[in-house]
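Peer 1: Sequence:
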Amino acid sequence: MNKESGAAQGETIYRCIAPGCLRPLPRRVKYCPYCGAGQQPGAPPRAAAPPAPVVPVRVAAPMPQ
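Note that the UniProt record's numbering has the sequence shown beginning at 1, numbered continuously upward.
It is possible that some hints are incorrect.
Here are the in silico distance ranges between beta carbons for each label pair [said to hold, decoys possible]:
id: 1; residue 1: V59; residue 2: K30; range: 42 to 48 Å
id: 2; residue 1: A60; residue 2: Y14; range: 52 to 58 Å
id: 3; residue 1: Q65; residue 2: R23; range: 21 to 27 Å
id: 4; residue 1: Y31; residue 2: A52; range: 18 to 24 Å
id: 5; residue 1: V55; residue 2: Y31; range: 56 to 62 Å
id: 6; residue 1: V29; residue 2: M63; range: 54 to 60 Å
id: 7; residue 1: R23; residue 2: P50; range: 22 to 28 Å
id: 8; residue 1: V29; residue 2: P50; range: 48 to 54 Å
id: 9; residue 1: Q65; residue 2: G20; range: 57 to 63 Å
id: 10; residue 1: E11; residue 2: G36; range: 21 to 27 Å
id: 11; residue 1: A18; residue 2: P50; range: 20 to 26 Å
id: 12; residue 1: R28; residue 2: P62; range: 58 to 64 Å
id: 13; residue 1: A52; residue 2: K30; range: 39 to 45 Å
The set of hints was computed from the structure by calculation and includes no laboratory data.
As the structure is a computational prediction, the values presented were derived from the model and not from experiment.
Ideal Cβ placement from N, Cα and C applies to all residues, glycine included.
Given these sequences and hints, build the entire structure.
Peer 2: See the structure below:
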């Protein structure tokens with residue numbers, strides 16, 4: 001174990017390259033699982049998912065009294 005970094009010798013630590021994220025990653029990835037930023041310099045971020053459709057809720061008719 002390396003005293004300065006806390007990592008074993010030869011162990012590579014990957015981090016997100018987005019300035020607002022910089023989270024550690026378990027391995028080399030194409031996109032950060034936390035913020036969606038591309039991990040290749042100059043790669044555009046992934047497009048956000050479209051909003052979920054609004055599904056109308058059926059309300060039961062009032063019970064007769």
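Peer 1: Work down the list of hints and note, for each, if the structure agrees.
Peer 2: Tested hints:
At roughly 45 Å, the beta carbons of V59 and K30 sit within the given window of 42 to 48 Å. Take A60 and Y14: their Cβ atoms lie about 53 Å apart, and the range 52 to 58 Å holds. In this structure the hint that Q65 and R23 lie 21 to 27 Å apart at CB is violated, the actual value being about 59 Å. In this structure the supplied range 18 to 24 Å holds for Y31 paired with A52, their Cβ-Cβ distance being about 21 Å.
A hinted range of 56 to 62 Å for the beta carbons of V55 and Y31 is inconsistent with their spacing of about 29 Å. Against the hinted window of 54 to 60 Å, the Cβ-Cβ separation of V29 and M63 comes to about 55 Å, which satisfies the hint. Taking the beta carbon of each, R23 and P50 are about 25 Å apart, inside 22 to 28 Å as hinted. Separation of V29 from P50 is about 23 Å and departs from the stated range, judged on CB atoms against 48 to 54 Å.
With their beta carbons about 59 Å apart, Q65 and G20 fall inside the hinted range of 57 to 63 Å. Range check, E11 to G36: about 26 Å between beta-carbon atoms, so the 21 to 27 Å window is met. Checked against the given bound of 20 to 26 Å, the beta carbons of A18 and P50, roughly 22 Å apart, stay inside it. Between R28 and P62 the beta carbon distance is about 60 Å. The supplied range of 58 to 64 Å therefore holds.
Between A52 and K30 the CB atoms are about 25 Å apart, so this pair departs from the stated range of 39 to 45 Å.
Checked against the numbered hints listed earlier, the structure breaks hints 3, 5, 8 and 13; every other hint is satisfied.
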